[in-house]
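Two independent chains are provided; combine them into the complex using the hints.
First to last, the sequence lines map onto chains P and A. Here the first sequence is numbered in my numbering, starting from 1 and rising by one per residue. Here the second sequence is numbered in my numbering, starting from 1001 and rising by one per residue.
In short, the hints are calculated from the structure, not lab data. We treat Cβ as the ideally placed atom computed from N, Cα and C, and that holds for glycine. There may be inaccurate statements among the hints.
Covered stretches of chain A (in silico footprint by chain P; criterion: 3 or more residues with CB under 8 Å from a CB of chain P, positions within the stretch not fixed) [said to hold, decoys possible]:
| no. | segment |
| --- | --- |
| 1 | 1024 to 1033 |
| 2 | 1164 to 1170 |
| 3 | 1198 to 1206 |
| 4 | 1220 to 1228 |
| 5 | 1260 to 1274 |
| 6 | 1408 to 1419 |
| 7 | 1431 to 1443 |
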Amino acid sequence: MSVEAFDMGKIDIAWCPGCGNFQIRKAVMAALADLALDPRQVVLVSGIGQAAKIPHYIRTHVFNGLHGRALSPATAIKAANPNLTVIAISGDGDMYGEGGNHFIHTIRRNPDITNVVHNNMVYGLTKGQASPTSPRGFKTPVQVAGVFLEPFNPLAVAIALDAGFVARAFSGDVDRTREILKQAIQHKGYALVDVFQPCVSFNKTNTFQWFKDNAYYLDESHDPTNRQAAFQKATEAGPWPLGIFYVNTDKIPFEETTGLYTQDSRPLYERDPDLGRLAALVDQFKMAT
Amino acid sequence: MKDTRSTGISIVLAGQAGQGVQTVETLLIKAASSAGFHVFATKEYMSRIRGGMNTTSIRIADHAVAAPVDRIDLLVALDKGARQHLALRLSDRTLALAEAQVVGREFDGSPCRFVDVPLTSIATQIGNKLFSNIVAVGAIAGLAGIDLDDVHRAVTRQFSSKDAQIVQGNLKAATAGYEFAKGLAGSHTLPRTGVDDQVKGHIVPSGGEAVGLGALAGGCNFISSYPMSPSTPVLTFLAKHGRDFGVIVEQAEDEIAAMNMAIGAWYAGARAMVTTSGGGFALMTEGLSLAGMLESPMVIHLAQRPGPATGLPTRTEQADLEMALYAGHGELPRIILAPGNLHQAFSCTQQAFALADRFQIPVFVLTDQYLIDTYYNVEPFEVPQVCPVRHVVKSAADYRRYALTEDGVSPRAVPGWGEGLVVLDSDEHDQAGHITEDQDMRVQMVHKRLHKKLPAIQAAALAPSLIGPKGHKNLIVCWGSTLEVVKEAMASLDRKDTAVLHLHQAYPLHADVAAYLGKARRTILIEGNATGQLGKVIHLATGIAIERRVLRYNGLAFSVEDVVAQLREHLA
Chain P
1 MSVEAFDMGK
11 IDIAWCPGCG
21 NFQIRKAVMA
31 ALADLALDPR
41 QVVLVSGIGQ
51 AAKIPHYIRT
61 HVFNGLHGRA
71 LSPATAIKAA
81 NPNLTVIAIS
91 GDGDMYGEGG
101 NHFIHTIRRN
111 PDITNVVHNN
121 MVYGLTKGQA
131 SPTSPRGFKT
141 PVQVAGVFLE
151 PFNPLAVAIA
161 LDAGFVARAF
171 SGDVDRTREI
181 LKQAIQHKGY
191 ALVDVFQPCV
201 SFNKTNTFQW
211 FKDNAYYLDE
221 SHDPTNRQAA
231 FQKATEAGPW
241 PLGIFYVNTD
251 KIPFEETTGL
261 YTQDSRPLYE
271 RDPDLGRLAA
281 LVDQFKMAT
Chain A
1001 MKDTRSTGIS
1011 IVLAGQAGQG
1021 VQTVETLLIK
1031 AASSAGFHVF
1041 ATKEYMSRIR
1051 GGMNTTSIRI
1061 ADHAVAAPVD
1071 RIDLLVALDK
1081 GARQHLALRL
1091 SDRTLALAEA
1101 QVVGREFDGS
1111 PCRFVDVPLT
1121 SIATQIGNKL
1131 FSNIVAVGAI
1141 AGLAGIDLDD
1151 VHRAVTRQFS
1161 SKDAQIVQGN
1171 LKAATAGYEF
1181 AKGLAGSHTL
1191 PRTGVDDQVK
1201 GHIVPSGGEA
1211 VGLGALAGGC
1221 NFISSYPMSP
1231 STPVLTFLAK
1241 HGRDFGVIVE
1251 QAEDEIAAMN
1261 MAIGAWYAGA
1271 RAMVTTSGGG
1281 FALMTEGLSL
1291 AGMLESPMVI
1301 HLAQRPGPAT
1311 GLPTRTEQAD
1321 LEMALYAGHG
1331 ELPRIILAPG
1341 NLHQAFSCTQ
1351 QAFALADRFQ
1361 IPVFVLTDQY
1371 LIDTYYNVEP
1381 FEVPQVCPVR
1391 HVVKSAADYR
1401 RYALTEDGVS
1411 PRAVPGWGEG
1421 LVVLDSDEHD
1431 QAGHITEDQD
1441 MRVQMVHKRL
1451 HKKLPAIQAA
1461 ALAPSLIGPK
1471 GHKNLIVCWG
1481 STLEVVKEAM
1491 ASLDRKDTAV
1501 LHLHQAYPLH
1511 ADVAAYLGKA
1521 RRTILIEGNA
1531 TGQLGKVIHL
1541 ATGIAIERRV
1551 LRYNGLAFSV
1561 EDVVAQLREH
1571 LA
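If we strip away everything but chain A, and leave its shape as in the complex, we get (with noise of 0.2 Å):
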């Protein structure tokens, strides 16, 4: 592992839920955003409400960083259980910041150095105990070299609906945290990592909310879903900023009803779409058949965590490739697309939309628990100068929505729109739309739906990333939400005969996958679940089977740390 310099401070807040660690993220990333540190954060926590143990993982650079690391330079524990929860992460590195008073003498003998700092008491002597969690943000600020001014900032727009008393008590509770980590020396301080002029023209978006504005971009005005972690977040995002944009944002009974209303609506001319996870997406099978049959477009944001069933239902996996892939009954194009970073969520999604509406045919974004709750600095996102073309014409008095055409696809007409009917069957049907039973239409409809979109939408897939050294011999295989954590790892391997090669479309596969994989002497597959997913898709598509695979399914996503080690062993 390289030097603390070039890869920041690690940051770890532990809590219980509903504790506050949510606020001493925000801010703690507001004031080193707007210092100019380069800032990454990530969560894993529990599926409850209150109580548990939840982290949230903070980085702070000089350049960007985008991927977990499991190195903890400073813990800061809220409550007790940190040491437990963490125990695998803590080394002699790690500075430990708690209350003696809330944590006791758990991190005796532990390999950390403790500092015991009282942010109860100095918060009761600022006037509220209740300021004890913004003593902490002032502590941890003095301790990454973050200046006390850019805290200040950015508790006063935190609190900015507050009055000014409690503005006033929150700005002196930061200093006095400040000025305690200040007075601290020697072994009990962290080392530093320097600013950079970019970030100030960044955004800082999770994934959840990249996704969302994907959709807007992409021309999204209707979304039915049902809430299910971690999908929410873009059904909520879509809710805040719904009326603004002409949302209609819907939740649904169930996601049964979410995927069929979404198919009405597209129906009747909007542009829809569905969030949800596995289990959710398993009721919604019977609507993607329908889809299918119908030739509608749809979008489906499925965030994937771990199953069967319930499974680890705020823990992050890579294991619903294959249930996309074969969901519904019958035979269906689709196309899957698997964001690696912010912003491919944010295009992935927009080009979701354009891929759904021109093929008429469902999209997948397939995304995770730990891409959709995870934010750092980047550019921002390019919204488009020009509206999303519709695909959608005014129907004459003769108009047959399935007419057959050359490439399949028949243009898409709307209700009220036009002199014709608009006419959609479940059953196979003719031309027109209406119920049949004659073989031959239902041989022509299998071929029009299906084989003869098929080469259309194999060329507009999207060309997998090829990360690396020209003249490479080994190359690393990966997928979706793993891109940013996979590219550190290479980057600090530096490795002249190694590539990545990423793929953010997931099916059906560019022709490039093949080319690449052909010429490497040596591949590698990283994937987030237990079989090797995208590992078969290639197999099948290509031929090519990779034997070496690097994969995890313990609900985490995987750190840098990890993947390094793992990497190492392979490529030796």
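The shape of chain P in the complex, shown without the other chains (with noise of 0.2 Å):
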């Protein structure tokens, strides 16, 4: 598949000109096509917030639902149809704030879904309030003393909870990251790519050039199967690691934890209900016998 076969053509996208969406957008277009999927395989399950309009501007399934759930419905749509490549998409205040819970469970239930978060540290769609990435410190209209709270560290605690596949990619960079997000999405398991992202309207701090300077791409030093090394780099804050922190390929995803596709790899809505076996389980209900 081309990248063509992903683009929506002429539409109107509601994002600022220059939102680091454009770039992650992109790189997801590219990696899909990349991995020659078709778009009637591919669903893209998103919550709300700037970010979460993607899927809307990416020509495959949508499933864009509520703020903080898209984690959910990506692990039921798997479990559903396991033929299907699902994408859960969206930004740091839904996957980590709103979500946290979500997020925090679906490491753990692990299905084979993969979870892109735009992070730009900020609430865009409603201007400008802290995101649980927010650097201490940070002035915004409702935090006007600057931010108190402890910034949620989405790697550290995926890698804490681990995840079998963790990483980190920088939405200038077009490249890494859609080999980044290659990688994830071939990964068999919960996959999750944190994307820095600038916001040009509301985050004047962590800009592009303030990601170009503060962050780096681990080198071949770094061994991604080693789970403490990964955790150590995800502690790191200034320089920030760019790339793939932790991998574990031994997890049993989701869906093949039901045993409803061991024998029968038909997704569930080419099911019928057992009417036979019914009967005699309503049989087993006579204790007369």
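Written out as structure tokens, the structure is:
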């Protein structure tokens, strides 16, 4: 498949000019095309926020649900039809704030989905409040004295929960982001790709230049199968490592644990209930036998 | 009240949680039903794992019994505290069976006839004091007129996985208890009730199992939920049988995830449900609204318990009707079913899937703790001969999920089947499913998902049941789990001028509801809540206000005697 297969053509995109979302969109489309995926086999699932609009701008199936809830339908979609490639893609407020509980438990559940998080460290659509990843001291119209809360560290949390694939990318580098996304999509199980992204309208601290100056790629000396080393790298902040932090390929995806697909690969929409068996089950409630 | 022969024997087992009341109950029900008695059992229990005082009320009769009675013919107290716990239900017709060594002088001065049954010493003589509950089973069977053979069969089946010595010990224990009871005479005996050949072919499921079986009959193949009393038995049932029937069963991290998973499952072509109670459903309301916007089918089993907040976690109430009716921000259509007995628990749940799938809307099955935890013998549920209609289409390349149609229902495709793309959005959307703020499109979509669907949803409403004499003047109106208790109360009152109107669909109302109400001279509403919620729904839909009301909200289910007494007053 070419990138054009995922192109919506001429559409109105609701992002600010210069937004990092454009590059993330480019990288996602390129990764899907590189993997020779058919748009009809791909579902993009999102919540609410500016990043959450991305499924509308890529030609695939779309489930644009509620704020914070993308991971739950994404899990179920994959479980109901494992033939689909399911990507839950949304912003940092959506995934780490409103959806924080689902983030934790989806990692534990380990569905074979890719979780892409646009991380611009600020709430854009609601006009500039702090996000879970905003740095301490970050001033906003609500956090008038600066953010006081410890920033949420998604990578460290994911590694602590032994997520099977944990990476961080930077929207300013479409090529490397595309490569990371490809590996994440190919990983069998839950894969987290946190993507640093400037917000040109509301984050004057973490700008494109700031990310360029404060991030570096992990080199070959980093062993992504080493969980301790991965955790250590995840706790580094300034400069911030980019790349694939951690990989564990030994985990069984959620949909396989259901046991429904071991003998029968048909998705649920092709299946009918076994009424003969049900009649026999009803009979088991006869006590007088 | 009529004589015991016509209403059977009422037995209450009382004990601490974890004391084995459950085993006694199971064996007794098995022995009695295989002997050909009609059986009925319901429990009330405390929100704790051990200790406290829990009771199971059992009825054994020569005809179908499906409602609780207050009267106790035989009380079996396995622990101290039963007298106080059941004070209002004990009378001189109660035979109290307990071990004096355990209950002490508790029954001194009580109206009941007390029999000291040395369960522990009989069990110890047989070889193990753990047999004492089985001694009790034997004694109850002896008093109730259940054959020892039937008790032995039930005991053998119950302990079939244990080694022969344990089985033998339990059989001996049952015999010893039975013989003890046979040795009692005069006032220390119970009246007898007969058997019925019909019982042989019957099944004895609980309300929770009936809902679970109905879900399977409806083609359910996905359930995501968070455990919450009293809704959990449905989750447990589907977990137990999930692999055999190809059902994905997932315990979600919270009810929010459960609901959103179930919506995702429908999107991908599964037939999904959630099971929850009021507090859990409160967390699902955002997702309910999502189902409304996405036009996703959804089945919600909402087992009610008393609120607000944590309320009485293990007790019963019918107070979440208005919540189900008004839950979810914005305006969305819905159907609320409310089964009145085990057969309806099965059929309503099955139908909920068909209705949800056909109209692409959320459908509630509103039960309560009483119905979920109650069981009795009924004719086997009718398993459908043909698989449920799946309202899913293969998409064409130009597929639009929200194509405007005459009846508001757009053909529902699933991702991965066909040439098209399936696009859903919680934002207002155009026909293709993409975000729009176009005001004309907004209005068209509201008409499509709400107004245009309503006539067919209304036309599909389940007709209420009218029970009682034609040409009645008075009408008793009830809904949900109160059906059988009201029926039995009315049978007992035996009035030629009064009928019962039971609704197993609480919203939208079938047209017959208004018609019946309009014809009745006097109407009386019976509900298990404090404000008469169905009455309000009826008033809103028909303009008819039912002023006479029998309401109960103490956490316990209605009893036949209570309904009889209150109706007698209203009908006087």
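These are the hints, each one checked on the structure:
no. : hint         : result
1   : 1024 to 1033 : holds (count 3)
2   : 1164 to 1170 : violated (count 0)
3   : 1198 to 1206 : holds (count 7)
4   : 1220 to 1228 : holds (count 4)
5   : 1260 to 1274 : holds (count 12)
6   : 1408 to 1419 : holds (count 6)
7   : 1431 to 1443 : holds (count 3)
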